[in-house]
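Student: Read off the chains here:
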Amino acid sequence: MAAEVEETLKRIQSHKGVFGTIVVNSEGIPIKTTMDNTSTVQYAGLVSQLADKARSVVRDLDPTNDLTFLRVRTKKHEIMLAPDKDYILIVIQNPSD
Amino acid sequence: MFQQTLRKLNTSKFASKQNSKKKQQAGDQQSAPKPLVDPFLDRIFLQASEIETSAKKSCCFSTKAGSFEKSESQRPSEVDSIRLQEILRKNHALNGNAFGDKGSSALEIPAGEIITEQKLEQEKIGLHETETIKLLEIQSTATPKDLLLPDANIESAATAVAAEHVVDMKSKKMVEAKTQTMNLQVKQKSTMTTPLLSRDVECEATVWDLFDATMDQGETSRKEELNPKFISLPWCETGRRESQGEEQKAPQLGKSAMVIERFLASNLYKSQQAMYFGQSAKIDDKKRTTRFQYELCPLWTYHSAATKNKSVLNLAWNTTNSNILAVAYGQFLLSEDKQGGLVCCWSTKNLTQPERCYPFEHSVSALAFSLNSQLLVVGLQDGKIIVLDVSHAEKKAIVQASLKNGGHVGPVWVLKSVQWTHGEAIVSAGEDGQLLIWSLNLSRIGRFFARIPISLQKKEKVGAADMMDEVPIQEVFSILDFSVSNGADPLILVATKEGYLLEVEMELQIQRVVRAHLGPIYKVQVSPFCWQLALTAGADGKVLLWARSKKDAPILSLAVSASAVVCAEWSPSFSTIVACASGTFLSIWDLARKTHEPVTKVNIGAALTSLVFSPDGMNVLVGDRTGKIHVHSLQDMPYKPLMPVEALLKAIPGLVLL
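Taken in order, these protein sequences are the chains called A and B. 1 is the number of the first residue of the first sequence in the numbering used here; add one for each residue after it. 1001 is the number of the first residue of the second sequence in the numbering used here; add one for each residue after it.
Note that these hints are calculated values from the structure, not bench results. Incorrect hints may appear among the rest.
In silico lysine-lysine, BS3-like type, Cα no more than 25 Å apart, as pairs [said to hold, decoys possible]:
no., chain 1, residue 1, chain 2, residue 2
1, A, 10, B, 1628
2, A, 10, B, 1349
3, A, 16, B, 1308
4, A, 76, B, 1270
5, B, 1255, A, 85
6, A, 32, B, 1255
7, B, 1255, A, 53
The structure presented is a predicted model; accordingly, all values stated were derived computationally and were not measured.
Let's have the full structure, built from the sequences with the hints guiding it.
Tutor: Below you can see the structure in the form of structure tokens.
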């Protein structure tokens, strides 16, 4: 990956409140992660499904449209994902930290 | 029915004893002297009934019983006839006329009747031979020697063969041997192959898959549509202007990462951003008075590791996207050690990290976005002017102008993008007193010298204390700022380092010279609401307002502070509000309220260098000498005047519009 992208990811990881960054490739296999293995695998699997479902919703409503970002706000933290056809970038942040 | 049969069979045990005599007489060679109750046999019978046996009468037995049936067919039936009858009956009941129509055996015993010995002796039991059932026949293809066949050929052949070999029977050299030819025996051979791997693959084609397939040709155009959110941002057109030589994946990932960083930052600064964008109005219902406090609420600070120890020299908003701010960093004092300059592009959405960072070897003293929002024009301290493309993260200088192309000799203090006669022009002004007009590709189209003849200088002493012992030495003065007044009578107001304010016509001829301030004039700006009104901020700590109607003197003077006013600006939305930065204080003046003191004042804490309003006029950004940019929001403001020019007229006595 380009150095600039690496740097941005590093900055994201060291951002206040972030406790995990995962990059998942198109097959659902995590290629970059800062969390422990079990959590990573869990997140990768579940989040990929969610991203697919969300994308299908968006595109079924209007085929010219496409999903760009998905933010899931929960009681404890916020999951942000940027899905693409080659990868999915997942960041988990605790904003009230 | 099965039970019935069993019962019958049981009762006929006696009968069997009778028959067994017969059996023994006949030399029963049954391989399996089965007991009477033989469910197996019955079952066989049942199974046999399914087999097509149309030609056979009582062939009750299928091939399963093996040799048993064969012998059965060849010899007269020695089987227990009673049993046979029962079986027949059963079968008859089962499938109708499968057996019945061929004439079953003569003995017909009605069902349910008990058979006694007497009855048996009365009746004649006849046993018949069934037809021969050929189960397997393999024709022999050999001819036995001693067989007389009608076929003459074979005979002759055989005899010929025999004759041949009957040479000497007595000779022991001859060995008789027989062969069987043409034994076409087929042998079945099978091998096990490795199992064929098969995998189930499913594919689902949704409506949008079909859409994608049809749109594959115009893919690039589709990508543009798919990112409507980013169209206004200059750097989100991913590398379409130039091929980058890196794979497509990384820029996409980088873009997503950048946006995610914005989300992260905005999560932390949500309330501040809301206040910045005016989404959270602090309306205190209880305290509804007509007093407006003009509060300056500090929101956040733009700073990063790269900007430490550098002073903020200039701030410029993007012309189309009001969320992007370009900041020039460098050395404030020319006597400071040269550390190099920096241009950072900050976004209001990402408060922790600049989205673009371009280093320069010299301090950057001026910058401006062109009307085309992707180009940023940068002026350096060594006189160079560089046009950058902000859509790339790396510094890509599109075009550059230096002394060789007719650029500046000293630092470039001011850069502005103006509408010139034929299109857009970039106007630069610098230490050498030149005001240069460039086209976008940095070819010079005009030049102006801030040359003031000495004769003029002596005369103009208005607006400042009489400095009799000041002997003018130079003729050309450095230009620190200029402002274009577009109206019926367009003029360029030029602020010089010596405190002279020049009025220059569009043909670049000096119309008038006014001695405005005692020291350098750091800022001159025409009011965005009234082209006849301009403010100047000078090193003597005053902000003066000038009107076209009054030629030689300012119409209003604001005593801002004792130290120099480094920057002052009209609010772009409120016609009577002026923001001033001097020393470490940021002050807001409302001319409609009072002119002897600011309506609000805030101590930033560091020496301020530059100031700018946000495009909507509700926020103020100040840069200081430590490299930080403080963002303050204006709260509790009065309503905007409905008629701005009238408000100005009311506020400033002595302002007369031409």
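Student: If a hint holds in the structure, say so; if it doesn't, say that too.
Tutor: Outcome of the hint check:
no. : hint             : verdict
1   : 10/A with 1628/B : holds, 23 Å
2   : 10/A with 1349/B : holds, 19 Å
3   : 16/A with 1308/B : holds, 20 Å
4   : 76/A with 1270/B : holds, 17 Å
5   : 1255/B with 85/A : holds, 14 Å
6   : 32/A with 1255/B : holds, 17 Å
7   : 1255/B with 53/A : holds, 23 Å
Against the hints set out earlier in the document, no violation occurs for any number.
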